[in-house]
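**Student:** Okay, here's what each chain looks like letter by letter:
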Amino acid sequence: MRTDLQGASDANLVMAIARYHEDALAEVYRRHAGALFGLAKRVLWDAALAEEVVQEVFLRLWSSPERFDPDRGSLRSFLLAQTHGRAVDQLRSESSRRQREARDASTAATAGYDLEHEVFDLAVAEHVRDALVELPEGQRRAIELAYFGGHSYREVATMLGEPEGTVKSRIRAGLGKMHAQLAPVLGARGDE
Amino acid sequence: MTHAEIEELLGAYALDAVEPGEARVVEDHLQECPRCRAELAAHREVAGLLGNAGGEAPAGLWERISGELSLEHALQPEPPVLGPVRLEVPGARGAGELAGANAPLAAPSRRVRRLPAASLALGGLAAALALVVGLLSVKVSNLDTQVTDIRSAVATNGVAQQAALAVANPEHRSVELRSAGRSPRALLVALPDGQAYWITTGPMPELPADQTYQLWAAVAGQIVSIGLLGRAPSDVPVQVTTNMTKFMVTAEPLGGTTRPTSAVVVAGSPSPI
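Line order of the protein sequences matches chains R and F. Each residue of the first sequence is one higher than the last, beginning at 1 in this note's numbering. Each residue of the second sequence is one higher than the last, beginning at 1001 in this note's numbering.
These are computed hints drawn from the structure, not numbers from a lab. Remember, it's a predicted structure, so these values are computed and weren't measured experimentally. Some hints here could point you the wrong way.
What the hints assert, rightly or not - To be clear about the criterion: a stretch of chain F counts as covered by chain R if any three or more of its residues have a C-beta under 8 Å from a C-beta of chain R, and this derived list gives those stretches:
# : region
1 : 1009-1017
2 : 1042-1050
3 : 1060-1067
Idealized CB from N, CA, C, for every residue including glycine.
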């Protein structure tokens, strides 16, 4: 069973999860939990909170596997999106305000991400970093603050001293540009 | 919001960077706009790459997830048994094998509760207890609790006797704990005052000398320890509260742990009143 699962596609694993095969969830965990935890921790700056988020994402996949639609992207992207959403919810909750203040202070001190060390696949990392770096400064900063900082576009606007509309447009335009840039990578990516 | 205004939000929405009210507007719109759905999918792909950092998941996380879902799993396909319950008690165990212990239960307020390290060995009572357990071949209708056959009236051991009395008490509620293969292994019988008894009804493999079974409960989404059952549990008194929604047992190092660290052996949940 174990061997079969290791060769199974993510979509098949999710089908097995729908039939309550815990081994299938374990395999999804083996493939993706590290990346999910990495993202949650990066956004939350707190390992314990990040663990809670990852746990929640997996329990949600277990209870509602039908929410994953293989036609709309890979399981990894789906789980990362879930993780990011939950992490941001955590961040915006009252209780984590203090951690957030501490985090913002340290973010300011360590500005500039070294994506190369953090991105799962080095070849992809290279492309992603290039695509990000090639963006106009305003777009790149808006995306980084929103995604990795977990800030709303309104907060980003305040932080950068820009109009909200400008920040909205920059995020959208920047993501669009990166998508075009990363098209070859996106096309080549499998489930894992 | 106009279509153009919503479109403008899609990038921020893909990064979870819009206000909740805006998110709802975008979601409503996505239901009926394939063009925006396609654009969002593209943004999400990019976000997926940005967030795709590597790394290891922390040790023990899978065990906690697995523990939680074993509980869910044990409950979903098969509702708890409501009809007459037959307690199938295994044959008498060898004297001296039983080391039961239970930890006092404070109101569980945190996920992690430190347990007293010391185990209370019932050792000397084992022979008597084993005999009583062997006699506890009871057939119980657990709704009206009409006890049709309790041959344990002569119980000489306090715990087993009290467990038998609890089963006979019409006000008891019981939870059947099953293995992943669904075979019932134990019954948790609780009285209205919170006093409860773990009663082994099926095979619970004896653990090595340095391990103990540990009983856990889910309370408001958190897992708390209720007590140690020993390495070859028979009847063990524990305290429960009505807000405990699930129960499960894991094998842990002697003395217990603060959170489950191994796979769930059996699990069960109270049936709705």
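**Student:** Take the hints in turn and mark each one as holding or not.
**Tutor:** Hints, verified against the model:
1. 1009-1017: The restraint on the region 1009-1017 of chain F holds, since 8 of its residues have a Cβ under 8 Å from chain R and three suffice.
2. 1042-1050: With 9 residues in contact (Cβ-Cβ under 8 Å with chain R), the coverage given for the region 1042-1050 of chain F holds.
3. 1060-1067: holds (count 5)
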